[in-house]
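Number of protein chains: 2
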Amino acid sequence: MSDSKAYSATEREAVYRVIAERRDMRHFRSDAVDPDIIKRMLIAAHQAPSVGLMQPWRFLQVSDSALRQQLYELVNDERLRTAEAMGERKSEFMKLKVEGILDCAEIIVAALPDGREKYVFGRRTLPEMDLASVSCAIQNMWLVARAEGIGMGWVSMFDPQALAQLLKMPASSKPVAILCIGHVDEFYDRPMLVEENWTQERPLEQFIYQNYWPETAEEQGTTSSG
Amino acid sequence: MSDSKAYSATEREAVYRVIAERRDMRHFRSDAVDPDIIKRMLIAAHQAPSVGLMQPWRFLQVSDSALRQQLYELVNDERLRTAEAMGERKSEFMKLKVEGILDCAEIIVAALPDGREKYVFGRRTLPEMDLASVSCAIQNMWLVARAEGIGMGWVSMFDPQALAQLLKMPASSKPVAILCIGHVDEFYDRPMLVEENWTQERPLEQFIYQNYWPETAEEQGTTSSG
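Residue numbers (the numbering used here), protein chains in the order written: chain A, 1 to 226; chain B, 1 to 226.
Since the hints were made in silico from the structure, they are not lab data.
Quick caveat: nothing in here was measured; it's all calculated off a predicted structure.
Worth double-checking, as some hints may not be accurate.
For identical chains, the list gives no copy identity; a pair is met inside one copy or between any two copies.
Here are the simulated lysine-lysine pairs, DSS-like style, with alpha carbons at most 25 Å apart [unchecked claim]:
id : residue 1 : residue 2
1  : K39       : K168
2  : K118      : K168
3  : K97       : K39
Sequences and hints are given; from them, build the entire structure.
Laid out in structure tokens, this is it:
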């Protein structure tokens, strides 16, 4: 790589900054987001790596307000089912804001397409690598949004079959994210689930091993419902 | 968000630049990577979003050269099996460089830990969201590496059970990536699989839908082996 192409210290710091300051947002304002920013978020998604270059991401922009209401209800149904699964933390869970579907300016559903079975490259033994690629694309969207001062939240609290049916998706396709996008009054200083005392972050040092998985490695989590 | 916290045009452009210039690398030099860069890549990984804040990423740094050789052989085994699955494109596939395990300076295996079943938040109906979180973490590593002028490649061509056994991983944990990291002579201008005429990129416009999945949407790919 020639020196002329090297990133300046300012550029590198911007990359570190946006990675550190990105947050999974749940609190939004409803004022419109510049359509050019949404477009640039989607372009960034499309620049993500994908296994065998299969580009397995599809994006449904939900502008229909009745459809948005249906998405909300579908998520709320799963929220109640999740609450039941939380056991003794049920009432604590019910106080958390887990989505911003009716509040935010823009909703984009990200999905895996049908016809994926023909893509063998890099996923013969790990077919779920298509989801990995879509996730890299969504991370790109998140970083662009943050750099533009726009919040984004990834909601995965839904029945994927019910959502697929609602969106008239073909069999063997699969929705993986309801992305809430919009202006925010402020970004959380720390992950919202930490700020709300739902759980704590564990230090990176616990997650780095040398060569082999250590015999002493154990799940450190004390929050059984995560 | 107060104006003082807004990203400057220079910062925003750096974010767009790194997303556009990141490449899934397969060609590496073997000279050492500054350990501080590796550390910052792992810190960036750990700043990724995770479903219910479960932080499902684990990183095995492979410094043992005999172990690295075993990783290479394991990947080469799957490469041959993938070639067989490619049918008429087998010989074309065999000419591609699909990994740089013996060439690069650093190898990190990324894995999902055991004990994930207790995390219900955001994954009661979509348990694979843990892989989504690890993928966001890996995308962060990729972007930091690129900003630092370092190449990274995500190799998923392996039998995960065989790799787990090799790395002495517990049952129900799962390796999802062999990350090759190192200096490169140059970054590909376009994805390597495009430069090698393996496949073509399809335009973003084909992948954006309005509200519902269109009846006319079809898999456009002509490369049946991806």
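Taking the hints in turn, this is what the structure says about them:
no. : hint        : result
1   : K39 - K168  : within (24 Å within a copy, 45 Å between copies)
2   : K118 - K168 : within (22 Å within a copy, 32 Å between copies)
3   : K97 - K39   : neither (27 Å within a copy, 34 Å between copies)
Violated hints amount to a single one, hint 3; each of the other numbered hints is respected by the structure.
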